[in-house]
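Peer 1: Sequence:
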Amino acid sequence: MTRFAAGIFLVSFALAACVVQHTPGTSFVTPALPNEEAIQRIAIDATACLEALYPPGLTTIRLMTPTEKDGFSRLLEDRLRTSGFTVVGSSNDSAAIQVEYILDQLKPEPSHSLLLRLHLVDSTSGSERKLMRSYNMAG
Numbered sequence: 001m002t003r004f005a006a007g008i009f010l011v012s013f014a015l016a017a018c019v020v021q022h023t024p025g026t027s028f029v030t031p032a033l034p035n036e037e038a039i040q041r042i043a044i045d046a047t048a049c050l051e052a053l054y055p056p057g058l059t060t061i062r063l064m065t066p067t068e069k070d071g072f073s074r075l076l077e078d079r080l081r082t083s084g085f086t087v088v089g090s091s092n093d094s095a096a097i098q099v100e101y102i103l104d105q106l107k108p109e110p111s112h113s114l115l116l117r118l119h120l121v122d123s124t125s126g127s128e129r130k131l132m133r134s135y136n137m138a139g
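Position one of the sequence shown corresponds to residue 1 (our numbering), numbered consecutively onward.
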């Protein structure tokens, strides 16, 4: 049992070291993104995760996008709007759920695994949620 726990700890530590450290209030997307179809699948999956937690027609999302433009952020925003979420930028809407995210490469070639971390902050209830999903290059 201790070997198993030690193994889990080492894997968790290695994964944490591979991913960009999160600065609160910001998002990051790796420049080494896979093809458009794969990032579209990831954006669809991220939207489904948010739909499972918050009702789309009644929820405003404050999407904290990276300063550098990237395809994933654009697709995620489009998917959220299509699903019925109201999406605002860095506004002061206190009722909005703040969504920060990191989409980063876990391993360099050849596997190109990606990790999506979503950090959700609900200022009205004072709650925070962190979700993580891993993907291969096909999404």
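No wet-lab data here; the hints were simulated from the structure. Being a predicted model, the structure only gives us computed values, none of them experimental. All residues carry an ideal CB built from backbone N, CA and C; glycine is no exception. Any given hint could be a false lead.
[As the list claims (entries may be wrong)] Taking CB as the label site, the calculated pair distances span:
1. Asp122 <-> Asn35: 30 to 40 angstroms
2. Arg81 <-> Arg129: 19 to 29 angstroms
3. Glu37 <-> Ser125: 13 to 23 angstroms
4. Asp93 <-> Leu53: 35 to 45 angstroms
5. Gly89 <-> Ala48: 35 to 45 angstroms
6. Glu51 <-> Ser90: 34 to 44 angstroms
7. Pro31 <-> Thr124: 19 to 29 angstroms
8. Ala95 <-> Asn35: 15 to 25 angstroms
Peer 1: All the hints need checking, so say for each whether the structure fits it.
Peer 2: Here is what the structure says about each hint:
With their beta carbons about 34 angstroms apart, Asp122 and Asn35 fall inside the hinted range of 30 to 40 angstroms. Here the CB-CB span from Arg81 to Arg129 is close to 21 angstroms, well matched to the stated 19 to 29 angstroms. Against the hinted window of 13 to 23 angstroms, the Cβ-Cβ separation of Glu37 and Ser125 comes to about 36 angstroms, which falls outside the hint. In this structure, Asp93 and Leu53 break the distance hint of 35 to 45 angstroms, their C-beta atoms being roughly 18 angstroms apart.
Taking the beta carbon of each, Gly89 and Ala48 are about 23 angstroms apart, not inside 35 to 45 angstroms as hinted. Judged by the Cβ atoms, the range 34 to 44 angstroms given for Glu51 and Ser90 is violated: they are separated by roughly 23 angstroms. Our hint of 19 to 29 angstroms for Pro31 and Thr124 is violated, since their Cβ atoms are close to 35 angstroms apart. At about 37 angstroms, the beta-carbon gap between Ala95 and Asn35 misses the expected band of 15 to 25 angstroms.
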